[in-house]
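From first to last, the protein sequence lines stand for chains S and Y.
My numbering numbers the first residue of the first sequence as 24 and each following residue consecutively.
My numbering numbers the first residue of the second sequence as 24 and each following residue consecutively.
Warning: the hint list may mix true and false statements.
Identical copies look the same in the list; a pair holds intra-copy or inter-copy alike.
[To be verified] Lysine to aspartate or glutamate pairs mimicking DMTMM-like chemistry, simulated, CA-CA at most 25 Å apart: (1) Lys36 x Glu160; (2) Lys290 x Glu389; (3) Lys260 x Asp345; (4) Lys382 x Asp302; (5) Lys328 x Glu301; (6) Lys339 x Glu389; (7) Lys277 x Asp66; (8) Lys290 x Asp131; (9) Lys299 x Asp143; (10) Lys253 x Asp304; (11) Lys411 x Glu336; (12) Lys290 x Asp66; (13) Lys411 x Glu301; (14) Lys382 x Glu227.
What the hints contain is simulated information worked out from the structure, not anything from laboratory work.
What you are looking at is a predicted structure, and each value in this text was computed from that prediction instead of being measured.
Protein chains: 2
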Amino acid sequence: MRDVYVIGAGITKFGELWERSFRDIGIEAGIKAINDAGISGADIDALYIGNMSAGAFINQEHVASLIADYVGLAQTSHIPAIRVEAAGASGAVAFREAFLSIASGMHDVVVVGGAEKMTDIGDEMANAITAMAIDQEWETVFGATYASLHAMMARAHMERYGTSREQLAMVSVINHRHGALNPNAQFQREISVETVLKSGYVAEPLRVFDMCPLSDGAAALVLASEVVAKKHGNAVKIMGIGQSSDTISLHDRKDITTMDASVHAAKRAYEMAGIKPEDVDVAEVYDSSTISEIIAIEDLGFFEKGKGGKAAEDEKIALGGDIPVNTSGGLKARGHPIGATGVAQIVEIVQQLRGEAGKRQVNGAEIGLAHAIGGTGGTAVVSILGVKE
Amino acid sequence: MRDVYVIGAGITKFGELWERSFRDIGIEAGIKAINDAGISGADIDALYIGNMSAGAFINQEHVASLIADYVGLAQTSHIPAIRVEAAGASGAVAFREAFLSIASGMHDVVVVGGAEKMTDIGDEMANAITAMAIDQEWETVFGATYASLHAMMARAHMERYGTSREQLAMVSVINHRHGALNPNAQFQREISVETVLKSGYVAEPLRVFDMCPLSDGAAALVLASEVVAKKHGNAVKIMGIGQSSDTISLHDRKDITTMDASVHAAKRAYEMAGIKPEDVDVAEVYDSSTISEIIAIEDLGFFEKGKGGKAAEDEKIALGGDIPVNTSGGLKARGHPIGATGVAQIVEIVQQLRGEAGKRQVNGAEIGLAHAIGGTGGTAVVSILGVKE
């Protein structure tokens with residue numbers, strides 16, 4: 024396989040962008056990434072789009088064709104345009120497919136975009152759409168929601184490992200603190216443990232401030248082969264990518280305090296990159312809920328199983344801690360436009376590794392990791408990037 | 024890039040399968056392909072699923088995770104499972120992604136499935152969902168439907184090239200004749216030109232028998248690297264694949280009697296395969312309407328632009344003709360479960376090249392071509408397969 028690099032990154036403001044359309048934000052992120060890479064449209068060989076549910080959110084499928092058209096590449100260079108979907112991991116899986124298209128030798132320069140427009144319809148309908156990431160016939164039909172399944176994971180983790188309600192809250196507190204330093208974040212204000220504990224229940228024991236919001240937003244990356252990347256000063260190498268699956272239903276798993284898909288994806292990514300968890304300087308992990316982040320930092324090997332809650336309490340995952348996690352604000356504070364998230368995570372890692380993360384910069388970061396989940400862990404993708412030669 | 028082969032193929036009966044679920048037919052096709060390849064589940068490195076709109080049809084996204092789970096591979100080998108969408112080209116694009124994953128060296132054995140369950144909801148809703156393949160904001164909102172856009176293409180082709188109403192009907196007559204020889208086809212009976220001309224209008228000049236049906240169905244393929252394929256007697260080589268995009272909206276094109284995406288995809292595929300159109304022995308092309316097939320056989324270089332109607336009239340595209348097209352019955356008679364079609368076309372080509380196509384066998388076929396379209400030509404994929412060394 025050929026080596027592949029990230030040479031450009033772009034992202035829109037995340038939030039409730041009622042005045043902007045799906046194609047509008049998709050184009051903005053793409054143009055920013057292309058400008059950042061210093062390439063022209065004619066250099067681009069292919070386009071990959073991560074998107075979960077434009078069909079349900081905005082009555083539009085075939086969105087890769089749409090974006091290729093609206094960025095002006097469909098009628099000029101007629102590039103292949105591919106939409107990839109794996110619920111919350113859609114953007115990360117699109118990134119992996121783009122990686123493979125260059126690693127194979129088929130393409131040299133590929134744009135990966137992720138986008139979702141979720142807030143133009145009511146919250147109730149939007150929550151019904153996000154529930155299409157879990158098993159319709161054996162979970163949703165019986166009343167399970169995305170949040171209630173996370174609540175079960177939280178209860179199991181609290182029971183088995185003594186994880187406390189306050190420790191869960193600390194994940195949200197830290198991510199809001201980070202989000203306050205990110206000008207593109209949906210929520211840019213700090214909160215306290217009390218803010219979380221006084222917010223209403225979504226699914227006991229999880230409250231409003233334990234859960235990520237509904238969001239609009241887009242992010243994009245430009246990937247390139249080594250020959251092209253060497254012409255760019257700012258190239259970040261893709262050291263390893265691992266993707267795994269697990270049962271789509273939570274009730275079919277042996278243990279709901281871990282996500283096997285994350286464990287296996289991480290193992291594959293670490294092996295490919297030739298590194299260990301302790302080599303990672305900065306990480307973006309999937310905090311669709313506070314318990315989701317705690318399980319992730321354990322599954323990724325940053326902390327022993329059962330010690331994730333304590334790590335949050337001790338602020339080991341905050342800026343300045345042992346392993347800063349979700350410096351962007353994460354899904355909780357940056358926001359979670361589903362298809363965009365996997366790409367947005369890598370945009371953050373690229374900015375960190377280039378030393379361009381401003382007030383939230385992790386000093387001297389050389390290796391970064393991004394971790395995305397589809398559903399409650401039916402899909403996981405772990406990507407490792409680095410600037411160390 | 025490494026060479027890639029097809030070593031297994033499977034397909035379900037296409038039709039209105041009201042007693043069967045999406046996961047049910049997906050599993051059937053997958054198991055058939057795996058058995059045909061003579062491999063076990065443990066040999067499989069990854070799963071790609073082509074599907075257009077399970078979210079809208081059956082309230083289920085994340086379908087690659089679902090199928091990986093239900094075929095029993097999610098919890099055992101935790102394989103990567105990737106869903107790909109490009110409207111009617113979804114299955115073909117999934118095939119290309121699977122090809123790249125092996126060509127890159129990442130995987131050795133990959134299953135590609137295509138599936139769609141369209142008939143569990145009313146026809147009106149199903150047609151609204153298929154319209155999500157075209158531009159929601161600039162076509163659908165103003166009253167355009169998938170069929171009405173094809174009607175415009177038909178009128179333009181008739182005006183410019185003298186293509187007759189009877190020539191369009193002959194495409195349907197030939198595909199029904201082929202479908203009658205295919206035990207998996209949705210429609211297995213012959214029709215006459217009169218049948219077409221007496222059927223009701225869908226969008227003038229196109230009538231019911233000019234349009235493909237709504238269908239349920241699934242198809243699957245097993246792809247393998249050369250090392251694995253050499254152990255199999257029945258391997259078919261993937262000689263070339265080309266994918267292209269064009270404007271998603273019909274009104275943005277210079278000429279609506281051709282699909283530039285098809286022309287460019289074909290050019291890329293022919294170059295990669297090192298062959299010319301006249302070297303193709305059998306082809307499956309995208310006949311979502313009769314005009315769509317006529318435009319396709321011209322764009323693919325089988326006939327001069329404008330001569331496609333005459334080729335149908337002279338039965339040059341029928342079994343026994345110069346270049347048998349849609350021996351499976353095509354989208355018109357085999358049926359068109361959208362996400363399955365791109366994979367089903369390649370299943371037919373594989374069966375033809377192996378000499379296993381029964382009553383519809385093209386004698387001595389050594390090179391076959393499959394052509395899929397997304398929307399009205401926003402995406403096109405051309406795949407060329409061969410058994411000649």
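Here is what the structure says about each hint:
1. For the identical chains of this complex, Lys36 and Glu160 are inter-copy neighbours only, at 23 Å across copies versus 36 Å inside a copy, given an alpha-carbon limit of 25 Å.
2. In the homo-oligomer, the alpha carbons of Lys290 and Glu389 lie at most 25 Å apart inside one protomer (20 Å), although the nearest pairing across protomers, at 43 Å, exceeds that limit.
3. Proximity of Lys260 to Asp345 under the C-alpha cut-off of 25 Å is restricted to the intra-copy arrangement: shortest distance 23 Å within a copy versus 51 Å between copies.
4. In this assembly of identical chains, Lys382 and Asp302 lie within 25 Å of each other by CA distance solely inside one copy; the values are 23 Å within and 62 Å between copies.
5. Taking the shortest Cα distances, Lys328 and Glu301 sit within 25 Å of each other inside one copy (15 Å), while across copies they are farther apart (62 Å).
6. For the identical chains of this complex, Lys339 and Glu389 are intra-copy neighbours only, at 18 Å inside a copy versus 63 Å across copies, given an alpha-carbon limit of 25 Å.
7. For the identical chains of this complex, Lys277 and Asp66 are inter-copy neighbours only, at 24 Å across copies versus 48 Å inside a copy, given an alpha-carbon limit of 25 Å.
8. Proximity of Lys290 to Asp131 under the C-alpha cut-off of 25 Å is restricted to the inter-copy arrangement: shortest distance 19 Å between copies versus 28 Å within a copy.
9. In the homo-oligomer, the alpha carbons of Lys299 and Asp143 never lie at most 25 Å apart, since the shortest distance is 42 Å inside one protomer and 49 Å across protomers.
10. In this homomeric assembly, Lys253 and Asp304 come within 25 Å of each other (Cα to Cα) only inside a single copy, at 24 Å, whereas the closest approach across copies is 44 Å.
11. Proximity of Lys411 to Glu336 under the C-alpha cut-off of 25 Å is found in neither arrangement, the shortest distances being 31 Å within a copy and 65 Å between copies.
12. Only between protomers do Lys290 and Asp66 lie at most 25 Å apart by alpha-carbon distance; the minimum there is 19 Å, versus 34 Å within a single protomer.
13. Taking identical chains as interchangeable, the C-alpha atoms of Lys411 and Glu301 lie at most 25 Å apart only when both belong to the same chain, with a minimum of 15 Å there against 52 Å between chains.
14. Taking identical chains as interchangeable, the C-alpha atoms of Lys382 and Glu227 are never at most 25 Å apart, the minima being 35 Å within one chain and 62 Å between chains.
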